[in-house]
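Asks: Listed here are the chains, written in short residue letters.
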Amino acid sequence: MLVSLNWLKNYVDIGDLTPEELAEKITKTGIEVDGIEYIAEKSSDVVVGYVTSCEKHPNADKLNLCQVDTGEETLQIICGAPNVAKGQKVAVAKPGAVLPGNVKIKRVKLRGVESNGMICSLQELGFAEKFVPKDIADGIYVLPEDAIVGGNVAPLLNLDDAILELDLTPNRADALSMIGVAYEIAAILDVPILLPDEEIEQTEETAADEYVEVEVEDTELNPYYGAFIVKDLEVKPSPLWMSNYLMAAGIRPINNIVDITNYVLLEYGQPLHAFDYDKLQSGKIAVRQAREGEKLVTLDEVERNLSNGQLVITDGENPVALAGVMGGASTEVSADTKAVLLEAAYFDPASVRKTVKATGLRSESSTRFEKGVDPDRVRRAGMRACQLLQTYAGGKVLAGAVEVDKLDRSEKIVEMDSDEINKRLGTSISTNEMVYILNKLRFFFEQNGTVFTVQVPTRRQDITIFEDMLEEVARVYGYDNLPYTLPEGESHAGALTETQALKRNVTSYMQGAGLLETITYSLTDEEAIGSFITPEIAAEEPKPVSLAMPMSEDHKYLRLSMLPGLIRSLGYNQARNQPDIAYFELGKIFVSHEDVLESQPDERLRLTGALTGKWLENPWQQEKKEVDFYVVKGILEGLFEHLDIPVEFEQAKLDQMHPGRCAVIKVNNRTAGFIGQIHPLLAKGEDLGETYVFDVNMEEVIAAYDPEPSYQQIPKYPSITRDIAFILDEDIAAGDVQRVIEETGAPLVKRVRIFDVYQGEHVPDGKKSIAYSLMYQHPDKTLTDDEVEASYQKVVDTVNAQFSAYVRS
Amino acid sequence: MKEQLESIQTEALEKIASAAELRELQDIKVAYLGKKGSLTTVLRGMGKLSKEERPVVGEIANQVREAITEALNQKTGKLEQEAMDKQLESEAIDVTLPGRPVNVGGPHLLTSILQEIEDLFIGMGFEVREGPEVETDYFNFEALNLPKNHPARDMQDTFYLTNELLLRTHTSPVQARTMQEYGGNRAVKMICPGKVYRRDTDDATHSHQFTQVEGLYVDKDVRMSDLKGVLDKFAKKMFGEDREIRLRPSFFPFTEPSVEMDISCKVCGGDGCSVCKQSGWIEILGGGMVHPKVLEMAGYDPKVYSGFAFGMGPERIAMLKYGISDIRQFYTNDIRFLKQFHHA
Ligand SMILES: [Zn+2]
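Top line first, the protein sequences correspond to chains A and B. When we follow the working numbering, the leftmost residue of the first sequence carries the number 1097, and every step to the right adds one. When we follow the working numbering, the leftmost residue of the second sequence carries the number 1389, and every step to the right adds one.
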């Protein structure tokens, strides 16, 4: 809502407040002022001039040579506007004037002839193009004949106005009108309010009902319809003050009739519609739901296909307007209009909302109807418009209005106890002060001790319960004046849950391991939804979950894997010459098993990562290490060790992964994700080299995690280390051998480490050598060589037997 | 013999003094003190001396041996020190060459901000609750006093999956869920951080996915001044002790009265600048007193219980704190962005 301060001053006195000071007060009391706009810089050098002569420029066809009387002197001014003519009063910027945009006016010679100033268009005076009436968009602005020659143009054209932009919340529909804003300001400043009167000087004896008949099919949807008839109209431009106010409010003046309906719309917040009476041939108005297949060409020249559920105004047969939204072209007011049927109505907010949703058409009218207009102001707004048509369009108003009236104009009663208010706010506002606040709001009430029975004015449809009054009292009292207190209820120590703490723990481990945390979108595209699905999820045969109405193909499905997003982010960086990246992300995937979605999908927490490029680079020492499988595996092994959860990795072949460099992760013998190199062809698609990913099922981690470390006494007795290298067939997995060593060596073998893997000289073809280091230890004694040797020999024999291996000498 | 001994001492000490290497000292030691050394040789002749002379000469011989040994030790120490110094000198490296790199990871900026907010409220006795990102229409809207066709639903354009399921537009449904779980007869003091979604086209100031932290405190006799006090504490800890807060009336369907909270602009100190759009204030969060209908629907009697709720956007907080002008930066994962907040 744009509020012209000059217009507002007709209803309330804002005293000496600057626009900024007023804006601050309004903002703090309840309606956010988003900005202040000044129509134009004040300029005393733009004055009213009278064009005493206007001839063609001797040397230029398109220029006019004008003599302009500016009171003190007559200036010779060359003007290019096509509409300049002798006898006009115009806005003249004299030499020395500065116009908006810092345009300085100087004496100049144009094609050899002197020009001493400029005759101005509205645009040159600072008006936005879109608000300037269309017929003078290319020309100068012609002032009314009664403008005083030599006088300042600023007040005439409202150049000294400031416009407040109000950012209204949906509940404050009452402030969608100048009168509503005036009530608000009056309450804030504690000043009187001056309302317009709607008296019509009745000159006509003919009653409106001789001209029109009104029928409403459903008075729930349209509880009030008033038809006023004004005849003998003269269509012409509106008075200057009205055009000025409309432009200030962001509405382009058209002609006096249209402007008056718009003016009253803004003044009362009540949308009105003027039908050209003579084009409405039946002399009948019938309000009903549209029928399937009906059509209506609206004022914006668009043919609308109507459907049931949309309320329309008809002439008894065909739709002539979309109720509460927009009029029809066939009955539009034009320059030839002689009589109008003026509609003032109350349409059900939900019904108008339905029409707006169905047509996608939104207007100043629909915005107000949707939020609910003041029932008390509907008829009065119609009368106000008639009065203005009488005054400014020479119209004759027929007696009475033809009405269907089932409108509830009763005021809501809300009770409030000042003790309860103080208890809820934490204040100690006296009952006297409450009285003062209610008076400022202009709410009638009865007081009985601390209990106030408040009659809520119909303009405040948003106030229905005690808490609404609580807010009214609080905001007028001033949120600034509320004390600062802390809750006095019983207090408990806050803490993260075990799982929340674990998530932080994992995040911080990953950071320490050198990975950057990322956040990718949950919504993804068709390609990604089938990609990199971890085997334990794939085994559930999940069904993709998609948006009912996606905005784009890119964000259509809820992800089933976070990896596609991560890999694309790698590609994004690669394209910006950032090839070395290690990412992790902790987030959710969405798993549903339903063909037709009915219940919420399962949200499964995953820890994922994607790494590519160099892991280590130390050029001056000629050290370089590309990310490989073991770098990534090491990070995960470290994580599981950090969390003290046993983990195993099993070679696996998965879709989209390198067939020889991929493993599933096993926690408690259950598949808990996978790790590996993505298929080189897929990596190439993102212009990436070798790229490794992991995807860990956090639910398994959470289940296996014990936040309390189990303490073991530090061994008192020394450990003994024995190394051993086996020659094995090259396809035997080192981990399988290790497991056998651990099992056979238990309980004396405490730890087994691989310290060398070798193929080449001294090792036969098709074989490999793997060296293990075994640490022996006993909790209660020092082991003897014999004891160690016995265990060692058992390990050697078992491995040799199980893997057809032999010890490398 | 006495003279002989003295001249041996003088000669040996001279040689020791002029020795430049440890090897020379070794030679000197052998030459004088060794089995065939000159001192030993002289002492062997002591048998020829008289009974009276022997102790005197023996005494002198011991003194000479000690003097030479002492000189040898001293000189050895000195030369060893010099050798060590020389060796270390030769081992000097260029400390300005770069060290062996360590990969430095780091949290996402939003994670850091969220943790900071969580910790602040945990310190004030709040618990942290989480909930599903795919919500029911009931919990996302209806339980929060936004019945179907309520005009305020327009404030939050929604991604629907079905008529009843949607991507949550705020984390408030977690509040409704928690209140229902608590059954209407115990206090609720919680914050709920998480991802939320709106039907917006991504641009510098809009993102279809973003994060939110909402808070809720329901108990007997919760006052609006408590909301003001808690938010003031939060703002001062989050943005600095020198910041002022201001509450303004606003509108949210789930609170009544509703507020928006501004903090004083750090850039201009409240005088007005382009960051605060000349107002001196920057909007940080929204909140209010829990609407009685919301309490009622969750099983809390609004005559007995009251409460406050608030919600804020970590992206917005981060953007203000660090001057980030494009919200998409949080989701593009450009490492030039991520790496700047290692230590955040
Ligand atoms: Zn500022």
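Any given hint could turn out to be false.
[Stated by the list, open to error] Once the Cα atoms are required to be at most 25 Å apart in a straight line, the calculated DSS-like pairs of lysine-lysine come out as:
id	chain 1	residue 1	chain 2	residue 2
1	A	LYS1434	A	LYS1453
2	B	LYS1665	A	LYS1450
3	A	LYS1121	B	LYS1665
4	A	LYS1453	B	LYS1536
5	B	LYS1681	A	LYS1508
6	B	LYS1727	A	LYS1729
7	B	LYS1709	A	LYS1519
8	A	LYS1762	A	LYS1749
9	A	LYS1812	A	LYS1846
10	B	LYS1665	B	LYS1709
11	A	LYS1121	A	LYS1105
12	B	LYS1681	B	LYS1621
13	B	LYS1621	A	LYS1519
14	B	LYS1727	A	LYS1720
15	B	LYS1691	A	LYS1519
16	A	LYS1327	A	LYS1450
17	B	LYS1709	A	LYS1508
18	A	LYS1599	B	LYS1536
19	A	LYS1710	B	LYS1727
20	B	LYS1727	A	LYS1519
21	A	LYS1639	B	LYS1621
22	B	LYS1583	A	LYS1652
23	B	LYS1654	A	LYS1599
24	A	LYS1721	B	LYS1727
25	B	LYS1654	A	LYS1121
[To be verified] Okay, the calculated bits of chain A under chain B, using three or more residues with CB under 8 Å as the criterion:
id	segment
26	1174-1187
27	1489-1502
28	1518-1532
29	1668-1675
30	1847-1861
[To be verified] Label pairs and their in silico Cβ distance ranges:
id	chain 1	residue 1	chain 2	residue 2	range
31	B	ASP1482	A	VAL1853	31 to 41 Å
32	B	THR1550	A	SER1403	45 to 55 Å
33	A	VAL1853	B	ASP1588	19 to 29 Å
34	B	GLY1657	A	THR1527	32 to 42 Å
35	A	VAL1531	B	ASP1609	40 to 50 Å
36	A	LEU1113	B	LYS1665	11 to 21 Å
Hints were generated in silico from the structure; no laboratory data involved. We treat Cβ as the ideally placed atom computed from N, Cα and C, and that holds for glycine.
Asks: All the hints need checking, so say for each whether the structure fits it.
Replies: Hint check:
1. LYS1434(A) / LYS1453(A): With a Cα-Cα distance of about 35 Å, the restraint between LYS1434(A) and LYS1453(A) is violated, given a limit of 25 Å.
2. LYS1665(B) / LYS1450(A): violated, 37 Å
3. LYS1121(A) / LYS1665(B): Measuring from Cα to Cα gives roughly 17 Å; hence the hint holds.
4. LYS1453(A) / LYS1536(B): Holds. LYS1453(A) to LYS1536(B) sits at ~14 Å (cutoff 25 Å).
5. LYS1681(B) / LYS1508(A): holds, 19 Å
6. LYS1727(B) / LYS1729(A): Holds - the C-alpha atoms of LYS1729(A) and LYS1727(B) are around 23 Å apart, at most 25 Å.
7. LYS1709(B) / LYS1519(A): violated, 36 Å
8. LYS1762(A) / LYS1749(A): holds, 15 Å
9. LYS1812(A) / LYS1846(A): Holds, at about 14 Å.
10. LYS1665(B) / LYS1709(B): holds, 16 Å
11. LYS1121(A) / LYS1105(A): Answer holds: LYS1121(A) to LYS1105(A) is near 16 Å, not above 25 Å.
12. LYS1681(B) / LYS1621(B): Judged against 25 Å, a Cα distance of about 28 Å means the pair is violated.
13. LYS1621(B) / LYS1519(A): holds, 22 Å
14. LYS1727(B) / LYS1720(A): Since the Cα atoms of LYS1727(B) and LYS1720(A) sit roughly 21 Å apart, the hinted pair holds (cutoff 25 Å).
15. LYS1691(B) / LYS1519(A): Holds, at about 12 Å.
16. LYS1327(A) / LYS1450(A): With Cα atoms ~34 Å apart, LYS1327(A) and LYS1450(A) exceed 25 Å; violated.
17. LYS1709(B) / LYS1508(A): Outside the cut-off at roughly 46 Å; violated.
18. LYS1599(A) / LYS1536(B): violated, 37 Å
19. LYS1710(A) / LYS1727(B): Holds. LYS1710(A) to LYS1727(B) sits at ~16 Å (cutoff 25 Å).
20. LYS1727(B) / LYS1519(A): Answer violated: LYS1727(B) to LYS1519(A) is near 50 Å, above 25 Å.
21. LYS1639(A) / LYS1621(B): violated, 47 Å
22. LYS1583(B) / LYS1652(A): holds, 17 Å
23. LYS1654(B) / LYS1599(A): It is violated: about 34 Å lies between the C-alpha atoms, which goes past 25 Å.
24. LYS1721(A) / LYS1727(B): Measuring from Cα to Cα gives roughly 21 Å; hence the hint holds.
25. LYS1654(B) / LYS1121(A): holds, 22 Å
26. 1174-1187: Since three or more residues must qualify, the claim that chain B covers the segment 1174-1187 of chain A is violated, with 0 doing so at under 8 Å.
27. 1489-1502: Our answer is that it is violated, as 0 residues pass the Cβ test (under 8 Å) against chain B, missing three.
28. 1518-1532: holds (count 5)
29. 1668-1675: Coverage by chain B holds here, the residue count being 4 at a Cβ distance below 8 Å.
30. 1847-1861: violated (count 0)
31. ASP1482(B) / VAL1853(A): 31 to 41 Å: holds, 36 Å
32. THR1550(B) / SER1403(A): 45 to 55 Å: Since the Cβ atoms of THR1550(B) and SER1403(A) sit about 24 Å apart, the hinted range of 45 to 55 Å is violated.
33. VAL1853(A) / ASP1588(B): 19 to 29 Å: violated, 54 Å
34. GLY1657(B) / THR1527(A): 32 to 42 Å: holds, 40 Å
35. VAL1531(A) / ASP1609(B): 40 to 50 Å: violated, 26 Å
36. LEU1113(A) / LYS1665(B): 11 to 21 Å: holds, 20 Å
The structure fails to meet hints 1, 2, 7, 12, 16, 17, 18, 20, 21, 23, 26, 27, 30, 32, 33 and 35 from the earlier list, while all remaining hints are met.
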